[in-house]
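Fit chain V to the given chain P structure using the hints.
So the sequences go chain by chain: P and V. First residue of the first sequence? That's 1 in the UniProt record's numbering, and the numbers climb one at a time after it. First residue of the second sequence? That's 1 in the UniProt record's numbering, and the numbers climb one at a time after it.
Quick caveat, the hints were computed from the structure, so don't treat them as lab data. Note that CB positions come from ideal geometry on N, CA and C, so glycine has one too.
Capping the alpha-carbon separation at 27 Å, the derived lysine-lysine pairs in DSS-like fashion look like this:
id: 1; chain 1: V; residue 1: 226; chain 2: V; residue 2: 279
id: 2; chain 1: P; residue 1: 133; chain 2: V; residue 2: 139
id: 3; chain 1: P; residue 1: 288; chain 2: V; residue 2: 226
id: 4; chain 1: P; residue 1: 133; chain 2: V; residue 2: 199
id: 5; chain 1: V; residue 1: 70; chain 2: V; residue 2: 348
id: 6; chain 1: V; residue 1: 70; chain 2: V; residue 2: 313
id: 7; chain 1: P; residue 1: 175; chain 2: P; residue 2: 345
id: 8; chain 1: P; residue 1: 274; chain 2: P; residue 2: 288
id: 9; chain 1: P; residue 1: 221; chain 2: V; residue 2: 279
id: 10; chain 1: P; residue 1: 125; chain 2: V; residue 2: 192
id: 11; chain 1: P; residue 1: 288; chain 2: V; residue 2: 229
id: 12; chain 1: P; residue 1: 221; chain 2: P; residue 2: 288
id: 13; chain 1: P; residue 1: 159; chain 2: P; residue 2: 289
id: 14; chain 1: P; residue 1: 289; chain 2: V; residue 2: 229
id: 15; chain 1: V; residue 1: 279; chain 2: V; residue 2: 348
id: 16; chain 1: P; residue 1: 289; chain 2: V; residue 2: 226
id: 17; chain 1: P; residue 1: 289; chain 2: V; residue 2: 279
id: 18; chain 1: P; residue 1: 159; chain 2: P; residue 2: 274
id: 19; chain 1: P; residue 1: 289; chain 2: P; residue 2: 221
id: 20; chain 1: P; residue 1: 133; chain 2: V; residue 2: 192
id: 21; chain 1: P; residue 1: 288; chain 2: P; residue 2: 159
id: 22; chain 1: V; residue 1: 199; chain 2: P; residue 2: 125
Covered stretches of chain P (chain V as the covering partner; in silico rule of three or more C-beta atoms under 8 Å from a C-beta of chain V):
id: 23; region: 88-99
id: 24; region: 132-139
id: 25; region: 222-229
id: 26; region: 246-260
id: 27; region: 282-289
Cβ pair distances, simulated, as ranges:
id: 28; chain 1: P; residue 1: 289; chain 2: V; residue 2: 247; range: 37 to 47 Å
id: 29; chain 1: P; residue 1: 58; chain 2: V; residue 2: 344; range: 21 to 31 Å
id: 30; chain 1: V; residue 1: 344; chain 2: P; residue 2: 171; range: 26 to 36 Å
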Amino acid sequence: MKHLDQGQRPVGGRGGTMRVVVIGAGVIGLSTALCIHDRYQPVLQSLDVRVYADRFTPLTNTDVAAGLWQPYLSNPSNPQETHWNQQTFDYLLSHLHSPNAADMGLALISGYNLFHEAVPDPSWKDIVLGFRKLTPRELDMFPDYSYGWFNTSLILEGKRYLQWLTERLTERGVKFSQRKVESLEEVARGGADVIINCTGVRAGELQPDPMLQPGRGQIIKVDAPWMKHFIVTHDPERGIYRSPYIIPGIREVTLGGIFQLGNWSEVNNIQDHKSIWEGCCRLEPTLKKAEIVSECTGFRPVRPQVRLERERLRFGPSNTELIHNYGHGGYGLTIHWGCALEAAKLFGEVLEERKLLRMPPSHL
Amino acid sequence: MEQNGEVTKRSRGCCLNWPGSPQAYAFCFHCSPMDTVRIAVVGAGLMGLSTAVCIPTLVPRCSVTVIADKFTPDTTSDVAAGILIPHAYPGSPSFAPGPCEAIRGLADSHGIIFKEAGSSRPLRPELTLCPDTPVHKQKQWFRETFDHLFSIANSAEAGDAGVYLVSGWQIFRSMPTEEVPFWADVVLGFRKMTEAELKKFPQHVFGQAFTTLKCEGPVYLPWLEKRVKRSGGLMVPQRIEDLWELHPSFDIVVNCSGLGSRQLAGDSTIFPVRGQVLKVQAPWLKHFIRDGSGLTYIYPGTSNVTLGGTRQKGDWNLSPDAEISRDIFSRCCALEPSLHRACDIREKVGLRPSRPGIRLQKELLAQDSRRLPVVHHYGHGSGGFSMHWGTALEAARLVNECAQALGSPAPKSKL
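Same shape as in the complex, but just chain P (with noise of 0.2 Å):
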């Protein structure tokens, strides 16, 4: 392999710059964005990185998450998305021991899932710490359950990793321009020659999916600062986040329960607040002193499973490459880093196609 010096580098895109247009500024986005820069701006003649998008931090999906890092309790469809969320498990551990941890909005938590009934253990259990079974002593906290975890995660607070992402590509000379995306022609026929799709639960309106759907959710945060440990219920019968969970993030409490498929009301709902008040008050009575801080909806983007996939669109004489990468439901901030690593091969897959590349990228 040849070895580049400094100042020569292949080739890029048309006129030598690669010209990449993220679509949305969630967690996918940015994330994305910022994996993709870092791999390949050095081997790159140059490489242009724009984030377009219509909400930025604080009106996205990902500033209404909790930010618990835990996946679904059963297996995904996709095992890859195991292998995704054991990729960003690992990554945000690694950054827990920089200062800049509180910067990202990330610290340990531990804390407890609670159940009906026994149930197997999740895929999960050996990528979080410590994780075990809840003592008898342990259950008599909570009478409505009788079984249950104890495992040390993290948190990775949406609002501030945002923020923090968003210094990082900002430092990198990645541009951000807030505007309503009508169409991926637009986008094309703007000079994007990659088009990275993190668009979540609206990517509908730019290209029909009915495999995803909104799952809506209602979150009440409160100021509590005494919990320090996260309580997450389970009802099967009711089925994920439509069970009372309280999750302690850096400065609030995030309390929630509510996941409606089908819904895109935006307006906080009533009935949703007093079922997650009653829900939550009843598992820990200590919130009942807890003053409430603020009230939101969001729509987590549900899939089947998370679409993370080339697609070549042609407009004209001209080729964009499109990445899509969307559809991840309640645990786009447990697999993000897995994802944006893998949107970042397909780019590399890019690459090579069109010859940009004399060398491998190096491997994160």
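This is chain V only, laid out in the frame that chain P set:
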């Protein structure tokens, strides 16, 4: 016991805080003037206040007055982080009562007082012959304290009381002699740390993970004060120089004066172990980390994180030392690098009331014809929060024994 028929005598205390109707005192069974035992608790730190809460639950018809020169937030208990991880007192390995109890029992029942040759001050054999707190007692008191606080932590009172659960790790640079300490089955979910967990602490070779309780002095003490007042107790800010000042206004004195016992009880075995801590803002920290030596620790609280610490024997200096603060911060950052982002750093100093063992003991002070029963309840060193409820219950039992003795026409001890 001095009697008068007036129920409204203010020193009784019981009816002062009785809510509601002016006739309430007529229904107050505490205030039958014949039978009310007037109890003074000296000291308003953790021991004084918890004992003051326990006493009315065990002693029928009493009034409780807490007298101290310092109240929260100015007590030693306000500085402590309040985490329930027992401090190892030197304890006798045997479970049988030691020789000291036998000597004490003998001395009490025969009214024998030992005197040092050439001195008029009584020598206290129990102080010099019986220094240690047996492990079975430590475990009992820790369990009682843990269970009591655990039920508060799971109730709606938790926030008002400042009591909550916290998980974390105790880590060791070399294998400890005891991998499983005596209190392992009292805390929740005790287990050894996994290899993956230990990776977070490259300088340490072994660790224990568990869930315990944190009891925050500046919140818990005011909550205890409220409970004392609710059951009719009084708080009196006053410095006591001699326990005899409390005679004859009070029938029984409970001495919870910590280091003040050097003067008030003539106890030269109690000495300060100075502890300096930092209180910082680092709300992302959710776990405690304690180095097995006990010298370096990180305890996340409700409104700040306590970083510690020091153990300086015999040091009475209450002013923070900047060099020590830098050292504490550096040691804690080595365990938890994210602390470099901590802000609003405040320094605090507390003097642990240290003794070879906790003093929980009755003493009948005698001077001429005067008698004053005293229950001593002090000397918990680093283990105040861990043991307080268990020892307060024991102190209240001793107070009740004194109260019973007052009531019954027992023969007076001869000098």
